[in-house]
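Student: Take a look at the letters that make up each chain.
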Amino acid sequence: MAEKEPDQKTAPLASSLPLPHAIRLTGDAHDGMAMLSHLFAIAAGSQGYQIFIVPEYPAEIRSPANTLAGVYTSSIYFGPLNEAMEDRTSFLLAMNPAGLKLHESCLEKDGILLANSDSFGNDELICAGYQENPLVGKNQLFHRTLSVPMAQLTNRAINHSRVGDKGALLSFREVDRCKNLFALGMVLWYYSIPIEPVLRWLKQKFSINPSILEASQKAFKAGFTYAETASVFPQMPVSHFANAFNAKGKKIRMISGNEATVLALQHIASKTSRTVLLASTSRPPSHEISSLAAQATSAGFSFLLADDELAAASTALGVSYGGGLGCTAVSGIGFPHQSEIVSLATAAELPLLILEYQRAGISIGLPQRLAQSDLGMAVMGRNGEAPLVVLAPESPADCFETTLLAARIALRFLAPVCILHDGLNARASQTWQIPDTSLLKEFEFPHFASDSPSGPYECDDHLARPWITPGTPGKEHRLGGNERKLNSPQVSFLPQDHQAMNRHRAARMQRIAEYLGFLAVDVPGNVEVLVLGWGGTRSVLESACKRARKKGVKVAFAQLRWLNPLPKNMAQILNSSSKTLVAELNSGRLFAMLKEKFEFDGFSLTRQDGLNFVIDQVEETILQLAKGEPT
Amino acid sequence: MSNNNNSIGFASDQEVRWCPGCGDFAILAQVKKVLSELPIPREQQVFLSGIGCASRMPNYLNTYGFRGLHGGGVCAAMGLKIARPELTVWLILGDGEGFGPATHHLLHAARRNVDVKVLFINNEIRGLSRGQESATTRLGTLTATSPEGTSDAVWHPCAMAIASGATFVARSLDVDVDHLGMVLNRAALHRGFAFIEILQNCKVYNDLVFDNLAGQHDRPEHLIYLEHNKPLVYGVQNRNGLKFEDASISLAPPNNSNNHASIHNESSPNPYPCQMLASLENPDFPECIGVFRSIEKPTHHHSYYRGTSNFKLDLEGADPFFVE
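Residue numbers (this note's numbering), protein chains in the order written: chain A, 1 to 631; chain B, 1 to 324.
For the record, the hints were derived by calculation from the structure and aren't laboratory data.
Any given hint could be a false lead.
Said to hold, decoys possible - Below, computed lysine-lysine pairings styled on PhoX-like, alpha-carbon distance capped at 25 Å: (1) Lys475(A) <-> Lys32(B); (2) Lys203(A) <-> Lys312(B); (3) Lys312(B) <-> Lys441(A).
Working from the sequences, and respecting the hints, build out all of it.
Tutor: Printed below as a string of structure tokens:
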């Protein structure tokens with residue numbers, strides 16, 4: 001794999017650190033918590049911290065305010081992804097009682113609870129299921145509670161006398177919105193993180209609205225000052241983390257998996273000078289990449305909000321037929337809709353990228369919750385024998401590289417490729433060193449010379465046909481979904497032709513497996529347990545492995561970046577350990593796939609409640625396996 | 001331009017496989033003739049289709065062709081035009097597919113004014129599935145899936161297209177080769193969504209369903225040939241006519257003067273008169289053949305947003321930072 005993909009490494013840089021450490025910022029989905037965590041990351045990132053933000057969305061869209069169902073939470077982790085994860089948190093910012101209710105069990109006993117007391121009124125407490133106020137008196141949950149009337153203080157800081165008055169510059173609502181900046185100021189003070197990056201961000205963001213800019217800056221600074229003067233808790237010194245990564249002077253940005261994917265598509269358009277179209281619908285959670293793609297401005301890349309998933313995939317395939325790269329983003333029940341277009345792309349041998357955003361539940365299910373639910377559909381879910389290449393990114397930044405890899409396969413083999421995203425790689429975000437894209441390698445295409453007598457289906461040594469597109473004089477031909485003769489566009493219903501074509505398509509998958517090569521796995525000798533994962537759970541699984549290793553268990557970790565075809569060295573990987581634990585957020589789909597093909601002593605660890613693995617549980621399973629106890 | 005740009009030269013090497021007497025033969029012949037007369041190179045012509053008897057047509061044309069899935073061709077055409085705006089894209093749809101799985105794609109493509117020429121070949125029956133009803137099958141027709149006769153109301157394809165915003169809408173007959181050729185030619189040169197309903201006889205499953213229009217008997221009494229800026233008259237010596245009045249349409253009293261009927265305006269900004277004309281049915285009214293509507297609007301691939309900036313701007317995002 002390393003030989004095949006010498007792209008500049010864009011993954012986060014390594015660091016040394018005494019971690020993990022986690023912060024949670026929780027509140028109503030309407031409270032702007034995502035922006036708050038983004039700004040925290042910019043401020044902390046400017047100090048050299050590697051930051052990883054995992055959002056937890058309400059299960060349903062537009063949930064009622066102040067209810068448990070409407071809570072949005074950002075968990076912020078420090079350090080490299082493979083060791084940053086932590087089940088519990090040392091610092092919880094609760095902007096409302098519902099957020100506290102959902103996360104009170106995760107806060108360390110001596111952790112700090114910072115709460116916006118203005119939103120802990122009777123109505124909000126009842127909505128969250130509290131009988132008494134958990135911030136004060138005998139019902140106080142945490143002895144290190146800092147209960148701050150953030151809305152009132154924000155109001156005063158901005159200019160109490162003018163708000164709401166005739167001629168006021170800002171409405172009550174606009175002022176109230178600034179309270180999360182007040183909270184951010186407090187959090188930054190506690191972590192000794194300079195505020196200048198946030199002030200610069202506010203200045204840039206609100207430069208066209210001086211009133212909002214002034215109010216935002218006042219609220220933010222007031223929070224920082226308030227923490228300094230009123231806090232009873234000591235600051236967390238910067239040196240405590242000591243995890244500044246080696247990026248001094250380098251240009252960094254926060255990037256979500258969705259942003260990374262759109263950037264990769266833009267890069268493909270720029271590098272190949274071909275039209276790259278992303279066609280998708282507004283079905284969550286793929287709706288998020290739709291909005292991001294619509295804002296992309298670079299030449300060659302475009303976006304279309306299609307009428308439904310079939311329209312999206314068909315439009316994308318039309319782009320590919322014309323010589324571009326058609327891509328479609330899809331989730332939930334939209335994915336099976338596209339099955340027939342994937343099948344058609346396989347039959348016609350046209351490139352197509354399917355960005356599949358997995359979500360929890362069958363049918364409508366839980367649209368915004370986490371799951372690795374569509375592996376079976378991706379690998380097997382088509383009529384007839386229509387193989388599909390399936391990849392899965394391991395982190396937000398890896399979405400960039402996985403998208404490039406998917407495009408390389410699609411363009412080199414003229415085949416559809418599916419990327420399985422989940423909430424942990426697509427919607428999470430991390431610090432990312434901005435790559436020099438001029439150093440990324442060129443894209444390859446099947447060989448075709450316009451003066452060659454080759455027909456449109458005469459394959460090269462990769463078993464890829466020449467990509468002859470409409471407009472090429474003298475090469476007019478017809479293609480489509482009907483079965484055909486091998487190496488010819490001639491439609492054929494003869495049994496021997498159908499047999500030959502099925503073999504041809506299977507052989508092409510083998511060539512793709514050759515192209516992908518070996519999966520590099522660091523498995524030292526005498527390993528007791530091998531943990532095998534795929535998708536965005538890597539950070540949690542690897543963190544659990546590291547903990548188990550500290551307890552003396554010889555455990556290795558392997559991440560499957562591509563799931564169909566499987567790595568050439570899959571058998572060796574599975575046999576490198578006496579026991580293999582396959583961990584996935586479904587009923588054990590990968591485990592079943594592996595068991596069908598390989599002989600190995602394997603165990604399946606699954607979770608299907610719409611949430612991520614808990615490190616403690618994964619670690620416990622590893623320890624039990626190592627001891628030979630039943631799991 | 002490639003050689004052999006005559007009608008015969010546009011035939012592919014595939015054996016044409018339709019039932020003897022099928023109206024598709026005549027349509028194919030006219031398509032080839034029109035292609036040979038157009039100032040557009042063969043390699044720039046692309047025919048897309050889905051599933052159905054008529055959808056075999058791309059296989060029989062020596063142009064670029066793509067035979068996709070039931071209903072998916074409309075959007076594939078849109079994608080193709082986004083990637084390759086310079087190509088002339090045709091789409092073959094039967095009434096079974098066009099008013100089956102392709103319906104809403106078709107309506108959206110019309111709304112967006114996708115620059116594609118849709119040949120909606122309407123024989124009021126699903127021939128490939130051996131005579132099952134479609135959304136244009138006349139009320140009471142005995143079909144393989146309606147042994148007691150169909151009971152559902154029908155759609156009028158041209159009226160649907162006009163209502164959806166199509167910028168060129170016409171109707172013609174498989175057997176009226178000159179008229180069909182004229183309509184195809186105009187559609188080919190139209191920039192935008194061109195919808196041509198071609199009434200086609202299915203010899204096996206719905207024979208003579210258009211005999212009132214295509215047969216010689218009493219034909220002028222049932223048919224108006226629409227002409228731009230000409231009165232809506234028909235019948236012997238054009239004695240009969242149609243009149244628009246109070247947002248409705250009515251039969252004008254028979255007259256020889258020719259000025260008793262309303263004037264057909266295919267480029268009127270008001271689509272409703274054309275829509276009414278496209279909905280008329282025998283025996284209460286004459287049925288219309290010709291161009292209902294032809295207006296100019298920006299096409300989808302022209303008005304479609306395309307970025308022009310340098311990729312580096314997006315790569316760095318709105319708020320990159322340096323580690324201090």
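Student: Of all the hints numbered above, which does this structure not satisfy? Sort the numbers upward.
Tutor: none
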